[in-house]
Amino acid sequence: MNEITKIETTLKDWETDQEVRWCPGCGDYAILKAVQRTMPMIGGSPANTVFVSGIGCSSRFPYYMETYGFHTIHGRAPAVATGVKLANPELDVWIITGDGDALSIGGNHTMHVLRRNLNCQIMLFNNEIYGLTKGQYSPTSREGTNSPSTPYGSVDHPASPCAFALGSGARFVARGIDINKNLPDVLMAAHAHQGAAFIEIFQNCIVYNKDVFEDFAAKKTAAATQLWLANGEPMLFEKGEKGIALDQDTMALKVVDVVDGDWEAAGVLRHEVTNRSLAHMLVELQFGEFPMPLGVIYDDPKPTFESAVVAQNEAIAANKKPDLQALVSKGQTWTVTEDGPDL
Amino acid sequence: MASAAKEAGNEQEAVESVVVRFAGDSGDGMQLTGGQFTLSTALAGNDLATFPDFPAEIRAPQGTLFGVSAFQINFGSRAIHTAGDQPDVLVAMNPAALKVNVDSLKPGGLIIADSGEFGKRNLDKAKYETNPLEDGSLAKWQLLAFDISALTLEAVKPFGLGNKEALRSKNMWTLGLALWMFDRDRQPIVDWLNSKFAKKPEIAEANIAALNAGHAYGETAELSGPVKQAALPAAPADPGLYRTVNGAEALSLGLVAGAQMADLPMFFGGYPITPASAILHHLSRLKEYGVTTFQAEDEIAAIASAIGASYAGTLGVTSSSGPGIALKGEAMGLAIMTELPLVIVNSQRGGPSTGLPTKTEQSDLYQAVYGRNGDAPMPVISARSPSDAFECAIEAVRIATQYMTPVMLLTDGYIANAAEPWLVPDMGDYTEFPVEHMTQAQEDGFKPYGRDEKLARPWVKPGTPELMHRIGGIEKGVDTGHIDYGSENHQEMTNIRRDKVLGVADSIGDQEVELGVAGGKLALIGWGSTYGPIHQAVNRCREKDMDVSHIHLRYIWPMPKNLGDLLKSYDHVIVPEMNTGQLKTVLRDQYLVDAKPLNKVSGQPFTIAEIETAIAEALS
Numbered sequence: 001m002n003e004i005t006k007i008e009t010t011l012k013d014w015e016t017d018q019e020v021r022w023c024p025g026c027g028d029y030a031i032l033k034a035v036q037r038t039m040p041m042i043g044g045s046p047a048n049t050v051f052v053s054g055i056g057c058s059s060r061f062p063y064y065m066e067t068y069g070f071h072t073i074h075g076r077a078p079a080v081a082t083g084v085k086l087a088n089p090e091l092d093v094w095i096i097t098g099d100g101d102a103l104s105i106g107g108n109h110t111m112h113v114l115r116r117n118l119n120c121q122i123m124l125f126n127n128e129i130y131g132l133t134k135g136q137y138s139p140t141s142r143e144g145t146n147s148p149s150t151p152y153g154s155v156d157h158p159a160s161p162c163a164f165a166l167g168s169g170a171r172f173v174a175r176g177i178d179i180n181k182n183l184p185d186v187l188m189a190a191h192a193h194q195g196a197a198f199i200e201i202f203q204n205c206i207v208y209n210k211d212v213f214e215d216f217a218a219k220k221t222a223a224a225t226q227l228w229l230a231n232g233e234p235m236l237f238e239k240g241e242k243g244i245a246l247d248q249d250t251m252a253l254k255v256v257d258v259v260d261g262d263w264e265a266a267g268v269l270r271h272e273v274t275n276r277s278l279a280h281m282l283v284e285l286q287f288g289e290f291p292m293p294l295g296v297i298y299d300d301p302k303p304t305f306e307s308a309v310v311a312q313n314e315a316i317a318a319n320k321k322p323d324l325q326a327l328v329s330k331g332q333t334w335t336v337t338e339d340g341p342d343l
Numbered sequence: 344m345a346s347a348a349k350e351a352g353n354e355q356e357a358v359e360s361v362v363v364r365f366a367g368d369s370g371d372g373m374q375l376t377g378g379q380f381t382l383s384t385a386l387a388g389n390d391l392a393t394f395p396d397f398p399a400e401i402r403a404p405q406g407t408l409f410g411v412s413a414f415q416i417n418f419g420s421r422a423i424h425t426a427g428d429q430p431d432v433l434v435a436m437n438p439a440a441l442k443v444n445v446d447s448l449k450p451g452g453l454i455i456a457d458s459g460e461f462g463k464r465n466l467d468k469a470k471y472e473t474n475p476l477e478d479g480s481l482a483k484w485q486l487l488a489f490d491i492s493a494l495t496l497e498a499v500k501p502f503g504l505g506n507k508e509a510l511r512s513k514n515m516w517t518l519g520l521a522l523w524m525f526d527r528d529r530q531p532i533v534d535w536l537n538s539k540f541a542k543k544p545e546i547a548e549a550n551i552a553a554l555n556a557g558h559a560y561g562e563t564a565e566l567s568g569p570v571k572q573a574a575l576p577a578a579p580a581d582p583g584l585y586r587t588v589n590g591a592e593a594l595s596l597g598l599v600a601g602a603q604m605a606d607l608p609m610f611f612g613g614y615p616i617t618p619a620s621a622i623l624h625h626l627s628r629l630k631e632y633g634v635t636t637f638q639a640e641d642e643i644a645a646i647a648s649a650i651g652a653s654y655a656g657t658l659g660v661t662s663s664s665g666p667g668i669a670l671k672g673e674a675m676g677l678a679i680m681t682e683l684p685l686v687i688v689n690s691q692r693g694g695p696s697t698g699l700p701t702k703t704e705q706s707d708l709y710q711a712v713y714g715r716n717g718d719a720p721m722p723v724i725s726a727r728s729p730s731d732a733f734e735c736a737i738e739a740v741r742i743a744t745q746y747m748t749p750v751m752l753l754t755d756g757y758i759a760n761a762a763e764p765w766l767v768p769d770m771g772d773y774t775e776f777p778v779e780h781m782t783q784a785q786e787d788g789f790k791p792y793g794r795d796e797k798l799a800r801p802w803v804k805p806g807t808p809e810l811m812h813r814i815g816g817i818e819k820g821v822d823t824g825h826i827d828y829g830s831e832n833h834q835e836m837t838n839i840r841r842d843k844v845l846g847v848a849d850s851i852g853d854q855e856v857e858l859g860v861a862g863g864k865l866a867l868i869g870w871g872s873t874y875g876p877i878h879q880a881v882n883r884c885r886e887k888d889m890d891v892s893h894i895h896l897r898y899i900w901p902m903p904k905n906l907g908d909l910l911k912s913y914d915h916v917i918v919p920e921m922n923t924g925q926l927k928t929v930l931r932d933q934y935l936v937d938a939k940p941l942n943k944v945s946g947q948p949f950t951i952a953e954i955e956t957a958i959a960e961a962l963s
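Just so you know, the protein sequences line up as chains A and B, in that order.
If you read the first sequence in our numbering, its first letter stands for residue 1, the second for the next number, and so on.
If you read the second sequence in our numbering, its first letter stands for residue 344, the second for the next number, and so on.
The set of hints was computed from the structure by calculation and includes no laboratory data.
These figures come from a predicted structure and were not determined experimentally.
Hints may be right or wrong, so weigh each one.
What follows is a set of in silico ranges between Cβ atoms, one per label pair, in the way DEER data are often shown [claimed, not checked]:
#, chain 1, residue 1, chain 2, residue 2, range
1, A, Glu-314, B, Glu-508, 50 to 58 angstroms
2, B, Leu-408, A, Arg-276, 52 to 60 angstroms
3, A, Gln-332, B, Ala-559, 43 to 51 angstroms
4, A, Thr-10, B, His-780, 23 to 31 angstroms
5, A, Tyr-152, B, Thr-697, 36 to 44 angstroms
6, B, Thr-697, A, Gln-332, 51 to 59 angstroms
7, A, Thr-335, B, Asp-534, 46 to 54 angstroms
8, A, Glu-314, B, Leu-408, 23 to 31 angstroms
9, B, Asn-905, A, Thr-10, 57 to 65 angstroms
10, A, Gln-325, B, Leu-375, 24 to 32 angstroms
11, B, Asp-822, A, Lys-12, 22 to 30 angstroms
12, A, Pro-303, B, Gln-783, 31 to 39 angstroms
The C-beta atom is built at its ideal place from N, Cα and C for all residues, glycine as well.
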């Protein structure tokens, strides 16, 4: 995000007149509404906001936001966004991508936009499937996923988006769920972060991968399956009866029972968003044995790419006076007169 | 040219131009020697053209045939258009350099060889069974062999360098001899060495000592026979300020100039690739001219970031060579669909695939004109020489910004690396073409895909209040720019994109005849770096009263409006190209003319003689 004057808007100001064309019941609707609800809260200016997307169901997103928008080509949104931001660092840039877009065809660009720390928000809609091309398995699909291209089940191991992001050097990593009421809070935290903010959003593809996240996304069982992280707070779930502690012997996280609310006695860790080691352990937790960590996993800003580029450009240019005529006349020159070379 | 001059008489005074080729191991510093000799030649007022020819390997194994690096320069007292067909002088620093280059030396030409390098080991590596300096196999040439290595070691002895370090100065010794041969001033080289090795003065001094020793060796009459001082008089040239420039630098300067004329900051997205990287290097040093350079993670990111920068209102530029251009293809389609200005520079090299990275070719014309999915028209222009690359870069920026379209600018490895004297342009002579971004809706409401009289759509910078809109690669609705899959809409938008690009022809003027006249028996039509050999060949043939003209295309797509009629005014048309006949095919397709191909894809430029022969055959 940028330090901009807050603008008064309402949700309606962020809606376009375009007909939304996702399948009825698609998780994308909920994410769209969450973003449109978030924008007035952060005081964003529609004219100063740019949504850049790649290809896939999620990438239709910019057409539905009353902002500037660029629906680019498959996997390349981070590269286009980098050009936008370097050309005008004042713009508030959001990248909308999916699991195939960001981690298959565009994996290279995702890695580099995070490594460089371009100041932007990257929303990865993870539905563990290729929806737009009618249901092939994706790089985040679990082993054994049956799909038109894997009729006998997929055999390759899935990528973990947040682990990938952290490994690429991301300074902000968070998770949300499409229909969860906390999503705007996660988005606001991402926006408040100076630098590349990576948000994995579990998104329900009701046509090709219906309820694939139901194990932890279902409201009924959420208390036991969701671990909502808050900076400085103990990592508790199951109404405070369980928590996450460090197993000193294995140097790995473990689930512990909390008796009578005495989480300290149980050794439950406080979440520290600036603790990179903890973030690495959290993104590697296997759901089932552990609840799903959600919310802001890691948030530790460092200088952004575009600020470094601008600073160097300005520093180098500071004491030089651009003179095109002098520039083309540089090097060793000689003059030819009507009488021949003047040497 | 040199051969013509030699035919005229053997007296040195009659020589109008000379071709010298420096050849050695890729670690011998031949490109550097050639570059400095070029500078001294330019300062002496000779016209010149150069041809650096080096291996793809950074440091090929020493002494091997494939590790030979050469630098050829043609200079003289009249206009020079090519690096010359056959060298008059070959400097061979080792047996491999001799073996690779000697056959192109003119009969009677002079070989200067470092006999100190002709030991058994190096002879074996060059696959010589006997020493060519001693076995008489070089009889048809003049031979001067002396131990340059030993002479260099002797010269730099006082500086206490190690053997290996000392031998590095061999190239300066050789340069010193060459400077003496052609009566060149040593001072510019001395200045250059002092500044290059400012932090290592002992190295500078050793090199200067070697340079002086080479020069003295020529002077102190230890040489007799073929080597005589040959001071060529200065070539006639238009009055003005001159400098030497190679294509990569001229093109970079042209891009900067073009951006200034468009009144835009420039964003350059690039990814290292031979021979295009030099443009990235040049531009990254020009930040004070509003240039932001970005070394992207790959070719696709390089163009995608440039498109993003154009979308944000700056001039997006990207550059690559054939394989990288192929990777950028999909993104070019996006720029065409979203109608954003963009300059794409292709420094062509031998292909397909990795091909011949350091050799020159013109085989990306189809790729430039046709190489995208869908009906994806894009203006294509091509530079003919290093200095022309400056003008073409400005022209590419003009077309891109005035017509809201990506433009491909073709150059090649030869132009990128070759140097020539450049009459420094007066920037006041150019007409500026400032861009005005749209800040207010059209009178009847905002239409992101509304059109001006050139069919260009408005350029709105994100951040502009009230003009929020969305663009993308999906087909756009006429005027509105909304997603529109309608059949009639697609037909209309396809026509608009075609007509807009064809309309560029309204702004480029008629095709002129470079040499000769409109109408006649034969025209040679070329494009790009074949300019020099075509021009010289046509020139020579016209001096022999042959009815032949030279036409050279800058605008590959769209072509000048009169081109069809012009070509049809000749009985025969020949298209010399360093490919298998790509422009020839396009001309046949566009104008139904019986254009005949003259092709060469050896990684080397055409020789003048090759083209002369083709002209003679066509007219016989």
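Comparing the hints with the structure gives:
1. A:Glu-314 with B:Glu-508: 50 to 58 angstroms: violated, 41 angstroms
2. B:Leu-408 with A:Arg-276: 52 to 60 angstroms: Roughly 54 angstroms apart at Cβ, these two residues keep to the hinted range, so it holds.
3. A:Gln-332 with B:Ala-559: 43 to 51 angstroms: Since Gln-332 (chain A) and Ala-559 (chain B) have Cβ atoms about 24 angstroms apart, the given range 43 to 51 angstroms is violated.
4. A:Thr-10 with B:His-780: 23 to 31 angstroms: Holds, at about 29 angstroms.
5. A:Tyr-152 with B:Thr-697: 36 to 44 angstroms: For Thr-697 (chain B) against Tyr-152 (chain A), whose Cβ atoms are near 38 angstroms apart, the range 36 to 44 angstroms holds.
6. B:Thr-697 with A:Gln-332: 51 to 59 angstroms: Because 36 angstroms falls outside the window, the suggested range is violated.
7. A:Thr-335 with B:Asp-534: 46 to 54 angstroms: Roughly 18 angstroms apart at Cβ, these two residues miss the hinted range, so it is violated.
8. A:Glu-314 with B:Leu-408: 23 to 31 angstroms: violated, 51 angstroms
9. B:Asn-905 with A:Thr-10: 57 to 65 angstroms: holds, 60 angstroms
10. A:Gln-325 with B:Leu-375: 24 to 32 angstroms: Cβ of Gln-325 (chain A) to Cβ of Leu-375 (chain B): about 29 angstroms, so the range 24 to 32 angstroms holds.
11. B:Asp-822 with A:Lys-12: 22 to 30 angstroms: With a Cβ separation near 25 angstroms, Asp-822 (chain B) and Lys-12 (chain A) satisfy 22 to 30 angstroms, so the hint holds.
12. A:Pro-303 with B:Gln-783: 31 to 39 angstroms: holds, 37 angstroms
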